[in-house]
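When we follow full-length UniProt numbering, the leftmost residue of the sequence shown carries the number 1, and every step to the right adds one.
No lab work stands behind these hints, which were simulated from the structure alone.
Watch out, some of these pointers could steer you wrong.
[As the list claims (entries may be wrong)] Straight-line distance between alpha carbons at most 30 Å, and here's what the computed DSS-like set of lysine-lysine pairs gives:
(1) Lys12 <-> Lys22
(2) Lys25 <-> Lys107
(3) Lys27 <-> Lys12
(4) Lys107 <-> Lys27
(5) Lys107 <-> Lys12
(6) Lys107 <-> Lys22
(7) Lys25 <-> Lys12
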Amino acid sequence: MGDDNKIALLEKVYYDDCPGCKMDKRKDTQLDVPWITLIYVWVIVLCNALPISSLFPFLYFMIKDFHIAKQDADVGYYAGFVGCSFMLGRALTSVLWGVIADRYGRKPVIIFGTIASVVFNTLFGLSTNFWMAVITRFL
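With the sequences and hints as input, model every part of the structure.
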């Protein structure tokens, strides 16, 4: 008689309107590695990490081509503005994006953010002056 009660307590029940239940059901039915999901996450992380790290090898030459630095020692000063404008834009808008994600969901915000990152980094690469570079990095 004790075994019947134990089986009933351990039986998994999934409800239709429960987001956590849907995730648990998906985990229980999936046997292998979710490669498609893993590839999506990898692409999103790559698109968001490249703008941070790939800037610095060519930033010196960009600042020199803008002819804004009077001496070579000033290039680092102006490069700091371009480098920090990316994180300044993220810091000032992170709360806003959090509210939008709470209202519309994480997936649309991540997709929009990744597309915007690709567009504005492309525009940054096509910058013709210093302030265009700073603004496109900020956005």
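Right, here's what the structure says about each hint:
no., hint, result
1, Lys12 <-> Lys22, "holds, 12 Å"
2, Lys25 <-> Lys107, "holds, 20 Å"
3, Lys27 <-> Lys12, "holds, 13 Å"
4, Lys107 <-> Lys27, "holds, 19 Å"
5, Lys107 <-> Lys12, "holds, 28 Å"
6, Lys107 <-> Lys22, "holds, 17 Å"
7, Lys25 <-> Lys12, "holds, 9 Å"
The earlier numbered hints are all upheld by this structure, with none contradicted.
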